[in-house]
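The residues making up each chain are set out below.
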Amino acid sequence: MSARAFVLAALRLAALALALLLLSGCAKPRNVVQLLTDPDGHVGQVTVTTQAGSAQLTQAGCAVRVADARSMPTPPEDLTEAESEALFGAARRALPEKPVRFILYFDSETTRLTKESQALLPQVLATAKERDSRDIAVVGHASAAGEQSYNIDISRRRAEAVRKLLIKAGLPQEGIEVASHGSANPLVVSSNPHEPRNRRVEITVR
Amino acid sequence: MPRHPYSKYHFICCVLCALLLPSQALAQDPAGSVKNVTGEAQVIRAGAAPTPLKPGDRVFEKDVLTTGKGASLGLVLRDNSTLALGPGSRLVVERFLFEPEKGGLAQVLRLSRGSMAAVSGEIVKLNPEVAKVETPLYSIGIRGTHFLLNMEPGHETAEEKAQAVADAPTPKEGAK
Chain A
16 MSARAFVLAA LRLAALALAL LLLSGCAKPR NVVQLLTDPD GHVGQVTVTT
66 QAGSAQLTQA GCAVRVADAR SMPTPPEDLT EAESEALFGA ARRALPEKPV
116 RFILYFDSET TRLTKESQAL LPQVLATAKE RDSRDIAVVG HASAAGEQSY
166 NIDISRRRAE AVRKLLIKAG LPQEGIEVAS HGSANPLVVS SNPHEPRNRR
216 VEITVR
Chain B
23 MPRHPYSKYH FICCVLCALL LPSQALAQDP AGSVKNVTGE AQVIRAGAAP
73 TPLKPGDRVF EKDVLTTGKG ASLGLVLRDN STLALGPGSR LVVERFLFEP
123 EKGGLAQVLR LSRGSMAAVS GEIVKLNPEV AKVETPLYSI GIRGTHFLLN
173 MEPGHETAEE KAQAVADAPT PKEGAK
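In order, the protein sequence lines correspond to chains A and B. The opening position of the first sequence corresponds to residue 16 in the numbering used here, with each subsequent residue numbered one higher. The opening position of the second sequence corresponds to residue 23 in the numbering used here, with each subsequent residue numbered one higher.
If you are wondering where the hints come from, they were derived from the structure by calculation, not from laboratory data. Mixed in with the good hints there might be a few duds.
Derived lysine-lysine pairs resembling BS3-like cross-links, with alpha carbons at most 30 Å apart [as the list claims (entries may be wrong)]: (1) Lys183(B) <-> Lys113(A); (2) Lys113(A) <-> Lys43(A); (3) Lys84(B) <-> Lys124(B); (4) Lys76(B) <-> Lys113(A); (5) Lys179(A) <-> Lys124(B); (6) Lys147(B) <-> Lys113(A); (7) Lys183(B) <-> Lys144(A); (8) Lys183(B) <-> Lys179(A); (9) Lys144(A) <-> Lys147(B); (10) Lys76(B) <-> Lys183(A); (11) Lys124(B) <-> Lys113(A); (12) Lys76(B) <-> Lys43(A); (13) Lys113(A) <-> Lys84(B); (14) Lys43(A) <-> Lys91(B).
Sequences are here, hints too, so could you generate the full structure?
Shown next, in the form of structure tokens:
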């Protein structure tokens with residue numbers, strides 16, 4: 016009787032040891048995809064696909080793991096703050112701020128900024144300096160009125176005029192790229208070919 | 023006998039350089055630019071030695087970007103998507119095309135090891151079908167916007183592994 020109890024106890028111990036061993040040996044896979052709320056407060060959706068199939072992430076904070084290419088991703092789970100930090104902390108801290116776009120308008124058939132847009136320039140410069148931006152896109156656009164070649168030309172001259180203003184104000188020349196879209200890329204679709212809101216230069220400060 | 027026997031070659035070289043360099047530089051629009059670097063981050067381009075990255079550097083389609091131990095790298099792409107790599111990462115810009123006025127859109131990145139944080143931009147907004155991130159074990163499709171992924175090392179292809187040895191940062195004296 017007592018020998019039997021001893022064997023049972025030994026078996027229990029062995030089972031416990033085996034379970035512990037399995038647990039430590041089968042740590043959760045660290046191939047992880049996590050979805051978060053974006054800087055605008057919006058939650059998107061990503062699909063994680065292996066050879067075995069797909070899993071969708073639709074809720075902020077949820078994550079799936081992938082053990083190997085031939086297994087399904089695990090069902091979505093919440094990651095602890097500590098694990099998310101261990102996996103993604105450095106990458107998250109290095110994620111650049113979202114670029115900022117400014118729109119400057121022009122008097123008809125000129126490369127002269129409207130008064131309101133002139134007043135916006137200090138804000139453009141402050142943003143570029145604050146971000147230490149070395150990547151600024153200056154893209155000129157024209158309204159639909161007039162010939163295409165003329166529009167390409169005037170929107171290039173508008174962009175060039177803005178580039179000069181930015182450089183004169185001390186922004187690094189090599190960081191500024193200029194392009195001209197003519198009337199191909201209207202801001203507003205309008206029956207008025209002279210639509211003033213399409214006579215513009217868009218500045219993206221990255 | 024010419025006084026400078028090499029001057030002819032020199033001249034030809036200069037002309038060739040003048041002809042070749044700008045056309046190469048113009049051949050491809052950048053996919054984006056480097057916004058921040060902590061520690062050691064490098065780019066490997068076909069036929070060139072690994073080059074350290076610094077803020078303002080442009081990155082292009084087919085570039086291989088790597089980060090060393092404790093390093094990170096932040097990027098802004100042309101469609102205003104933002105992304106960052108954590109330490110020990112390797113990312114290839116497999117495909118990048120952002121020409122919305124011509125309908126040309128594509129964004130395929132490959133993370134063969136390490137970690138990445140991203141916020142998608144105009145490409146995903148205009149056509150989510152053309153944007154994905156691949157890894158050795160899984161791929162992800164993106165309908166937006168803010169996501170993180172991690173890929174443990176050791177699953178790279180033979181070619182990527184060979185490169186991993188080449189692009190691993192050289193350990194400092196005395197450092198383990």
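Quiz prompt | Numbers of the earlier hints that this structure fails to satisfy, in rising order | solution = 1, 2, 7, 8, 12
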